[in-house]
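Protein chains: 2
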Amino acid sequence: MSNKPINDPQSRRQFLKSTGMVVGALGGMALSRPAQAVPIPAPIPQQWDTTVDVLIVGTGFAGLAAAIEARNAQAEVLVIDKMPLLGGNSVLNGGDLAAAGSKMQQEIGIEDSPELMYQDMLKAGSGLNYPELARTVAEHSVEALEWAQSIGAQFNVVNYHGGHSVKRAHQLVQRSGSGLIIKQQQKAREQGAVIEQRAKLLRLIVEPDGRVIGAEVRRRYKFPDENSGEIAYIRARKGVVLASGGFSQGVAMRQMYDPRLTDAFTSTNHPGATGEAIMAACMIGALDTQMDWIQLGPWTSPDENGFGYVPQFVERVVGYGLMVDPATGKRFFKETGNRKERADAIIQLGHPAIIIADKTNTLNMVDPGQREGALKNGSLKPYDSLEALAKAYDMPVDAFVAQVNRWNEFVSRRNDADLGCMIFKDAVPNVTPPFYAARLWPRVHHTMGGLAINKDAQVIGFDLKPIPGLYAAGETVGGVHGAVRLGSVAMTDCIVFGRIAGKNAAASA
Amino acid sequence: MSNKPINDPQSRRQFLKSTGMVVGALGGMALSRPAQAVPIPAPIPQQWDTTVDVLIVGTGFAGLAAAIEARNAQAEVLVIDKMPLLGGNSVLNGGDLAAAGSKMQQEIGIEDSPELMYQDMLKAGSGLNYPELARTVAEHSVEALEWAQSIGAQFNVVNYHGGHSVKRAHQLVQRSGSGLIIKQQQKAREQGAVIEQRAKLLRLIVEPDGRVIGAEVRRRYKFPDENSGEIAYIRARKGVVLASGGFSQGVAMRQMYDPRLTDAFTSTNHPGATGEAIMAACMIGALDTQMDWIQLGPWTSPDENGFGYVPQFVERVVGYGLMVDPATGKRFFKETGNRKERADAIIQLGHPAIIIADKTNTLNMVDPGQREGALKNGSLKPYDSLEALAKAYDMPVDAFVAQVNRWNEFVSRRNDADLGCMIFKDAVPNVTPPFYAARLWPRVHHTMGGLAINKDAQVIGFDLKPIPGLYAAGETVGGVHGAVRLGSVAMTDCIVFGRIAGKNAAASA
Numbered sequence: 007m008s009n010k011p012i013n014d015p016q017s018r019r020q021f022l023k024s025t026g027m028v029v030g031a032l033g034g035m036a037l038s039r040p041a042q043a044v045p046i047p048a049p050i051p052q053q054w055d056t057t058v059d060v061l062i063v064g065t066g067f068a069g070l071a072a073a074i075e076a077r078n079a080q081a082e083v084l085v086i087d088k089m090p091l092l093g094g095n096s097v098l099n100g101g102d103l104a105a106a107g108s109k110m111q112q113e114i115g116i117e118d119s120p121e122l123m124y125q126d127m128l129k130a131g132s133g134l135n136y137p138e139l140a141r142t143v144a145e146h147s148v149e150a151l152e153w154a155q156s157i158g159a160q161f162n163v164v165n166y167h168g169g170h171s172v173k174r175a176h177q178l179v180q181r182s183g184s185g186l187i188i189k190q191q192q193k194a195r196e197q198g199a200v201i202e203q204r205a206k207l208l209r210l211i212v213e214p215d216g217r218v219i220g221a222e223v224r225r226r227y228k229f230p231d232e233n234s235g236e237i238a239y240i241r242a243r244k245g246v247v248l249a250s251g252g253f254s255q256g257v258a259m260r261q262m263y264d265p266r267l268t269d270a271f272t273s274t275n276h277p278g279a280t281g282e283a284i285m286a287a288c289m290i291g292a293l294d295t296q297m298d299w300i301q302l303g304p305w306t307s308p309d310e311n312g313f314g315y316v317p318q319f320v321e322r323v324v325g326y327g328l329m330v331d332p333a334t335g336k337r338f339f340k341e342t343g344n345r346k347e348r349a350d351a352i353i354q355l356g357h358p359a360i361i362i363a364d365k366t367n368t369l370n371m372v373d374p375g376q377r378e379g380a381l382k383n384g385s386l387k388p389y390d391s392l393e394a395l396a397k398a399y400d401m402p403v404d405a406f407v408a409q410v411n412r413w414n415e416f417v418s419r420r421n422d423a424d425l426g427c428m429i430f431k432d433a434v435p436n437v438t439p440p441f442y443a444a445r446l447w448p449r450v451h452h453t454m455g456g457l458a459i460n461k462d463a464q465v466i467g468f469d470l471k472p473i474p475g476l477y478a479a480g481e482t483v484g485g486v487h488g489a490v491r492l493g494s495v496a497m498t499d500c501i502v503f504g505r506i507a508g509k510n511a512a513a514s515a
Numbered sequence: 007m008s009n010k011p012i013n014d015p016q017s018r019r020q021f022l023k024s025t026g027m028v029v030g031a032l033g034g035m036a037l038s039r040p041a042q043a044v045p046i047p048a049p050i051p052q053q054w055d056t057t058v059d060v061l062i063v064g065t066g067f068a069g070l071a072a073a074i075e076a077r078n079a080q081a082e083v084l085v086i087d088k089m090p091l092l093g094g095n096s097v098l099n100g101g102d103l104a105a106a107g108s109k110m111q112q113e114i115g116i117e118d119s120p121e122l123m124y125q126d127m128l129k130a131g132s133g134l135n136y137p138e139l140a141r142t143v144a145e146h147s148v149e150a151l152e153w154a155q156s157i158g159a160q161f162n163v164v165n166y167h168g169g170h171s172v173k174r175a176h177q178l179v180q181r182s183g184s185g186l187i188i189k190q191q192q193k194a195r196e197q198g199a200v201i202e203q204r205a206k207l208l209r210l211i212v213e214p215d216g217r218v219i220g221a222e223v224r225r226r227y228k229f230p231d232e233n234s235g236e237i238a239y240i241r242a243r244k245g246v247v248l249a250s251g252g253f254s255q256g257v258a259m260r261q262m263y264d265p266r267l268t269d270a271f272t273s274t275n276h277p278g279a280t281g282e283a284i285m286a287a288c289m290i291g292a293l294d295t296q297m298d299w300i301q302l303g304p305w306t307s308p309d310e311n312g313f314g315y316v317p318q319f320v321e322r323v324v325g326y327g328l329m330v331d332p333a334t335g336k337r338f339f340k341e342t343g344n345r346k347e348r349a350d351a352i353i354q355l356g357h358p359a360i361i362i363a364d365k366t367n368t369l370n371m372v373d374p375g376q377r378e379g380a381l382k383n384g385s386l387k388p389y390d391s392l393e394a395l396a397k398a399y400d401m402p403v404d405a406f407v408a409q410v411n412r413w414n415e416f417v418s419r420r421n422d423a424d425l426g427c428m429i430f431k432d433a434v435p436n437v438t439p440p441f442y443a444a445r446l447w448p449r450v451h452h453t454m455g456g457l458a459i460n461k462d463a464q465v466i467g468f469d470l471k472p473i474p475g476l477y478a479a480g481e482t483v484g485g486v487h488g489a490v491r492l493g494s495v496a497m498t499d500c501i502v503f504g505r506i507a508g509k510n511a512a513a514s515a
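These protein sequences, in sequence, are chains A and B. When the letters of the first sequence are read in order and numbered with our numbering, they come out as residues 7 to 515. When the letters of the second sequence are read in order and numbered with our numbering, they come out as residues 7 to 515.
A couple of the hints might just be wrong.
Since the list can't tell identical chains apart, any single copy or any two copies may satisfy a pair.
[Unchecked claim] Heads up, simulated DMTMM-like pairs for lysine to aspartate or glutamate below, C-alpha to C-alpha not over 20 Å straight-line:
#  : residue 1 : residue 2
1  : Lys129    : Asp350
2  : Lys471    : Glu282
3  : Lys336    : Glu121
4  : Lys397    : Glu149
5  : Lys382    : Glu310
6  : Lys193    : Glu152
7  : Lys471    : Asp269
8  : Lys129    : Glu347
9  : Lys471    : Glu232
10 : Lys461    : Asp373
11 : Lys397    : Asp269
12 : Lys431    : Asp462
13 : Lys431    : Asp231
14 : Lys340    : Asp59
15 : Lys109    : Asp215
16 : Lys336    : Asp350
17 : Lys397    : Glu117
18 : Lys129    : Asp309
Simulated from the structure, these hints should not be mistaken for lab results.
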């Protein structure tokens, strides 16, 4: 952690510049390029290299759920992934699955319902959510949890995420989505699905009547070399399922929707989250929706790379510890606010915020492995006293100590009279050293927009009709989450719509 | 005007229901339709029915500006419009053109600059604006005004619109965009452009290398009968310019981007503003951006249809009179806020707001024809006293009178200590009867999203490259205004990018 004076105007300006806040807001985009041919749908090949019933693009939660269900329906299944490693962002995911009304919730006395989850999704989504998609996710959320358990995934704790009315994030024992991805891969392969790495979708192949019948791909592709490998044509007798994630890492693409998000903004995502499959679908007439709603995660640390360990610390201690502006030593936004609210509030500060929780609240809530990882890479620091902590971040000591005392009173009374933060019933005043602290600065985390689908996971075209033979699920899809996706709903969304897409693709005429 | 008790919860609920606020937020969309073939690009015809250099779609400000410039560059030009009447929304427009740094501004002592206008656009646009497009509009705004004057349009007053830093809306003497459209048509025809009504674009025709070379159209089309007229093929040797407006009236289309905007929300737009040309471009790979930013006009009255007369009254008296919530008799949002802020604040009330100005402020500011029109259709009402006005709207009389007195003090001091509304230097206290009042409820007014273009008005494809032979301008385009378009900037945008599109299409290889 830096001891440099973050209150100094000069270093704030440099910080803003380094994160693109200045450059992005005022700088121009290089939109003018040499005129080039627009790829139209690939021609139907004389000969197909491979023929299957269902071709699935992507090996994350959604793609593998689709593969398992398509195989259940007796379809011949090929799953392709452009990356050498399987699982995309799903293996980086924290392993939290939102389910409303589960047995695990009931056992710890949490009252919840799909209706409450649906309302939370609409509220966070500013009402932009496609109602039937959001409702489908909420109503099938417990089923998604039980399906994951049925193939061997283990969940052992129910967490809170900002913007939800109750704790409903069921976390994998591994504290990572890889705990489910491993089971999904095993199950898909056991059932006979073929998974091919380093095969990249280039263009979809469409019959004259508009039906998607296959894809042009690049096999033995070496990300990110666009000339690597060889072209091949894969016929999909029944359907193609796009489950290849979002475009948080696609800098030029995301700037077409939000020009501020220059390459000075880093991302929590795996490097392959560049959105070409969405664009390939749009090139054959698929309708993209709400693409400008790009989520910045409010819980990443500038002191570690990628997603890192700090987000898990933050999401476990909100409602227990407190978040302050180091310039004043005071709280500035409710810690249990939704992702967009919190990210906007931190960006508004113009410099990183500080999150703090004492030993008791941290030990009770945060997984030891996650805490140790963050301590080891230096993004989380322990301090013997509040004074020492304040000094390390150049905070006004008295104001900061007074703020912690005020917060601790709120914790005792279970009521935040200042900002209306939720305070959980097992929270205790932060009085026991060490006091843990981390700096927070947002990163591009999730692209809410994507292809429009109906509740049967059929992709909708720019003529507002379903495109025969084309399905999508997961972050590739827009409209489920509206303006803001709540934490832990992605995993539910992927499983629910991945299964629907796989089942319907296999049944497609 | 209704004398029914608008404070009564039951009638409020009914009002919300009738406007779709309840239905839209919770109801499902009928996305599932029978599977149908997706139209792919129209095949290249054996024979063309008509051949020109430049085909322009739309006869509003942008389309006619493009026609004039394309003819200036010696191109053979055909302009088509699907409607029987020319001018689209432009003839319904209030005739306000934003220009920053004009002679008219200087004459009345207004200091302004393109940089200030650009910053106002970015602020209203939440920074989502494509910087190079917004800057192009601001920097060419005075040139756009002078160009309109050069072809015979007359402007005689500089108005204020919410969200601008200064008065910069130069208004046509006709108080309607038709004052310019008539001159543009004359000029275009004088120069030899052919204008064909009732010809609807169906599909764009694309060469195998991706270049747009023409269009499939329906001639002698009778809106909205999709089977009327006959198919024809128009070859465009140099380019096609899409300048056919937005999709405020396209209910199914706008719900793909904002599901709340059901048919219970009416629109200020002409009935043909249904967006098919945007969709036709997307079907051949054009990239649409920021489509979910759909503007509701905060100044329409539920007591008249369409755009009506009341918006002109409102935009002239903000900064002079005041807007109140009839439930409390008090102001609730700054009257000079931008369109989205004000529309959101009124929708939040759950019932129409009331705008009020006295005789002096109204006579000084509002065009007599506009005022008489509103008085005649009953959407604007005069009252002899504040008490009579309060009673007519079931407002708490004392609270309302106290609010007007408080506002009048702010007017005298030129400082709104409550909500920070701008107060213009020629505003006077509202003390002279009659007191004029109108009810306000938002309507769908402008679709900020549309096709992505670069500063040369070339349409960008989903491969992030310009599509050869395809240009767009005006409301068909997205990214100029970002999240919120400021009043009076549409006219500037249409002229600036219409001219660029026409010039570049004519010069296209």
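Exercise for the section: Provide an ascending list of the numbers of those earlier hints which the structure does not satisfy. Expected result: Hint check: 3, 4, 10, 11, 12, 13, 14, 15, 17, 18 fail, others pass.
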